[in-house]
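So the protein sequences, as listed, match chains A and B.
Note that my numbering has the first sequence beginning at 391, numbered continuously upward.
Note that my numbering has the second sequence beginning at 168, numbered continuously upward.
None of these hints come from the bench; they were simulated from the model.
Idealized CB from N, CA, C, for every residue including glycine.
Take these hints with a grain of salt, some might be off.
Quick look at which bits of chain A chain B covers, simulated, 3 or more residues with Cβ under 8 Å [stated by the list, open to error]: (1) 416-429; (2) 450-463; (3) 479-488; (4) 591-602.
Computed far set for chain B versus chain A, every beta-carbon distance over 10 Å [said to hold, decoys possible]: (5) Asp181; (6) Ile206; (7) Ser207; (8) Asn225; (9) Ala229; (10) Asp231; (11) Asp255; (12) Val257; (13) Lys268; (14) Val300; (15) Glu301; (16) Gln337; (17) Pro359; (18) Ile370.
Cβ-to-Cβ under 7 Å is the rule here; a few derived chain A residues that face chain B [what the hints assert, rightly or not]: (19) Ser406; (20) Ala533; (21) Ser536; (22) Ala580; (23) Ser617; (24) Arg618; (25) Arg622; (26) Ala626; (27) Glu630.
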Amino acid sequence: MDEALLGPAALNLSASQLERRLTFLRAYGRTCLRELEELSQFEDQAIRRSPQARWDVQADAASTLSEAAQIALLIDGELGRRLLDDAGELYAGLGHPFGLYLKAVAGIWHPAEYVQRVSSGFRILEQVDAGGAAGADQPVPRAWHSPQQQAYFVLTAASMSRLAGSSLRWPLLKLTESSAHRQGVAPTGALGTPLFRLWDVAIQLLREQNPDEAAIIICAHLVEMSSRYVERIRLAMVNEYLWSHVAAPVDLTSIEISGIAVLASRVLSPELFSSHVELYMADLSPLARMPVELGLRIAASPPEEPVHA
Amino acid sequence: MIVQWCVKGLHLPDDDTARGIIDGPNGIVCNWWRDVGTISPAGRRQRLTEGNLDRHVNHFTATDPTTGRPFSDRSPFISLSAGVVERDAVAKTNYVHRARKTALWFATEFGADTTAYLYVCWVLVGPRSAVEVEAVAEEVRDLNTYRRYSEFQTEGEIAAKVIVPDNQIQQCERWDLDPRGEFVLSWTEPNPRFTPPELLTNIRELI
Chain A
391 MDEALLGPAA LNLSASQLER RLTFLRAYGR TCLRELEELS QFEDQAIRRS
441 PQARWDVQAD AASTLSEAAQ IALLIDGELG RRLLDDAGEL YAGLGHPFGL
491 YLKAVAGIWH PAEYVQRVSS GFRILEQVDA GGAAGADQPV PRAWHSPQQQ
541 AYFVLTAASM SRLAGSSLRW PLLKLTESSA HRQGVAPTGA LGTPLFRLWD
591 VAIQLLREQN PDEAAIIICA HLVEMSSRYV ERIRLAMVNE YLWSHVAAPV
641 DLTSIEISGI AVLASRVLSP ELFSSHVELY MADLSPLARM PVELGLRIAA
691 SPPEEPVHA
Chain B
168 MIVQWCVKGL HLPDDDTARG IIDGPNGIVC NWWRDVGTIS PAGRRQRLTE
218 GNLDRHVNHF TATDPTTGRP FSDRSPFISL SAGVVERDAV AKTNYVHRAR
268 KTALWFATEF GADTTAYLYV CWVLVGPRSA VEVEAVAEEV RDLNTYRRYS
318 EFQTEGEIAA KVIVPDNQIQ QCERWDLDPR GEFVLSWTEP NPRFTPPELL
368 TNIRELI
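Kindly produce the complete structure, drawing on both the sequences and the hints.
Written out as structure tokens, the structure reads:
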């Protein structure tokens, strides 16, 4: 796809306005992180701000950096990946598996760190699936009760299950195939994608099957999601004032669509998956294809080493 | 009835103008009032309609056929930011923003300026839409189909009507983007005439 169609022009936005929005979000994110640091500095429990206040600030920072990442992906792919990873770390700190999903999409982490986190997450998922079974060492973290968070987790775990080995892959496949979420209708992500689509993508990545079959099924999901995406964007563009100032209440890209494209490329091979995108998504408009193409570009990027503080 | 704390971000030329809104008795008035100078009760009723609210939310700068000018010039509504932070909704959406974030974006003229003036205020919000009732602000939620996560939460946007009275404005804040690339609170100007919303509660204290 023409690289020019992956940037601001695809969205009929000026590059300078997108840059301003990105600068603003990064500044606001730093402001939140400084506020978080200040909240944590009080040694005296009596004057320490409530956990709710700290949670609010960290969640605001995470959400802000996630939005910044999606804009950065349109302008500077490497910066976008780093911001995805940063946002992912903040979400994971809140106990949201969505954080692991962002980190997986960014692809900036040590494999060993990943295996430990996913293995821990799978034990939690088993607990949830069993109705929060008595006798478990720890209560299920609150966010894990959300089907949406479970969907992000299974996508993440499925994308790296071959790395984690059969001790995780087959139990995870069994759990996902038998779950009621296979027909899940809960709206997921900014587009309100029915949950079953993300759940089925995870199953396709877990199954031992012809990769072409998996790619065809995943592309079918992406076609539907992309159609929903382009409709929302075109409706948002109607309010020219908000749209031109990057103030419309929509995500400019779709981290679900881009993320699925990244993870499917890594599992099935970038060449195979992109060839199916070319074949099955050729009839979509450039705007509709943009989130998928951003994902393919991330998948084609060289791996990055995590930067340790 | 709900008392909703909000933030209004305004891009203003200088500190004197910003402090003037706190120091004076006029509160924050809508573009329509500022444009025509004098308004009437009948005029207010005529302008507070579903159609005008739709134009304010979805077609802000589109030409108003009745005036030939952008609708924004004569909107009777005032957009306020209330923020969105509710844990279970966040688990479903991964989306949070506190009120100052949206207000800062607007008040910096969408990133063109490094100074922003924010006004912290409260308004009354009804449990359901009541566009024609001036005293109650509207929670902008079901006015379009494309809002992110609309199934679970609002975007934290409130539309006040005609005026936010001066005694409902608690303070003005000046925020600046500093060289480290963070927003810092440069000063706060409290409103000496502010009326706290607790006066409206139905809790009778024990005497």
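Here is how each hint holds up against the structure:
Counting residues of the stretch 416-429 of chain A whose CB lies closer than 8 Å to any CB of chain B gives 6, so the stated coverage by that chain holds, three being the minimum. For the stretch 450-463 of chain A, the assignment as covered by chain B holds, since 5 residues bring a beta-carbon within under 8 Å of that chain's beta-carbons and 3 suffice. With a threshold of 8 Å between beta carbons, the proposed coverage of the stretch 479-488 of chain A by chain B holds, since 3 of its residues qualify and at least three are required. Closer than 8 Å: that is the beta-carbon criterion, and the stretch 591-602 of chain A has 0 residues meeting it against chain B, so the requirement of 3 is violated.
For Asp181 (chain B), the requirement that its beta carbon stay farther than 10 Å from each beta carbon of chain A is met, with the minimum near 22 Å. The non-interface label for Ile206 (chain B) is consistent with chain A: the shortest C-beta to C-beta separation is roughly 23 Å, beyond 10 Å. At the 10 Å boundary, the C-beta of Ser207 (chain B) stays outside the reach of chain A, the nearest C-beta of that chain being 28 Å off. Not every CB of chain A is more than 10 Å from the CB of Asn225 (chain B) (nearest about 5 Å), against its label as outside the interface.
Distance check on Ala229 (chain B): its Cβ comes as close as 7 Å (rounded) to a Cβ of chain A, failing to clear the 10 Å threshold; non-interface status is violated. A cut-off of 10 Å between C-beta atoms confirms that Asp231 (chain B) is not in contact with chain A; the least separation is 13 Å. Under the 10 Å C-beta cut-off, the non-interface status given to Asp255 (chain B) relative to chain A is violated; the minimum distance is some 7 Å. The claim that Val257 (chain B) lies off the interface is violated: its Cβ sits roughly 6 Å from the closest Cβ of chain A, which falls inside the 10 Å cut-off.
With a cut of 10 Å on Cβ distances, Lys268 (chain B) falls inside the contact zone with chain A, its closest approach being about 6 Å. The claim that Val300 (chain B) lies off the interface holds: its Cβ sits roughly 25 Å from the closest Cβ of chain A, which is beyond the 10 Å cut-off. The Cβ of Glu301 (chain B) lies farther than 10 Å from every Cβ of chain A, with a closest approach of about 24 Å, so its non-interface assignment holds. Every beta carbon of chain A lies more than 10 Å from that of Gln337 (chain B), the smallest distance being close to 19 Å; the non-interface claim holds.
No Cβ of chain A approaches the Cβ of Pro359 (chain B) within 10 Å, the least distance being about 28 Å, so the stated non-interface status holds. The beta carbon of Ile370 (chain B) is kept farther than 10 Å from every beta carbon of chain A, the shortest such distance being approximately 22 Å. Violation of the interface hint for Ser406 (chain A) is found here, the shortest Cβ-Cβ separation to chain B being roughly 9 Å, above the 7 Å cut-off. At about 4 Å, the closest approach between the beta carbon of Ala533 (chain A) and any beta carbon in chain B falls short of 7 Å, and the interface hint on this residue holds.
With 7 Å as the threshold, the beta carbon of Ser536 (chain A) comes within range of chain B, its nearest partner Cβ sitting at about 4 Å, so the hint holds. The closest approach between the C-beta of Ala580 (chain A) and any C-beta of chain B is roughly 4 Å, which is under the 7 Å cut-off, so the hint is satisfied. Of the supplied interface hints, the one on Ser617 (chain A) is violated, with its beta-carbon coming no nearer than about 13 Å to a beta-carbon of chain B, more than 7 Å. Look at Arg618 (chain A): its Cβ only gets to about 10 Å from chain B, farther than 7 Å, so that hint breaks.
At a threshold of 7 Å, the smallest CB-CB gap from Arg622 (chain A) to chain B is about 4 Å, leaving the interface hint in force. The closest approach between the C-beta of Ala626 (chain A) and any C-beta of chain B is roughly 5 Å, which is under the 7 Å cut-off, so the hint is satisfied. Here the hint on Glu630 (chain A) is kept, as its CB sits about 6 Å from the closest CB of chain B, short of 7 Å.
This entry does not satisfy hints 4, 8, 9, 11, 12, 13, 19, 23 and 24, going by the numbered hints stated previously.
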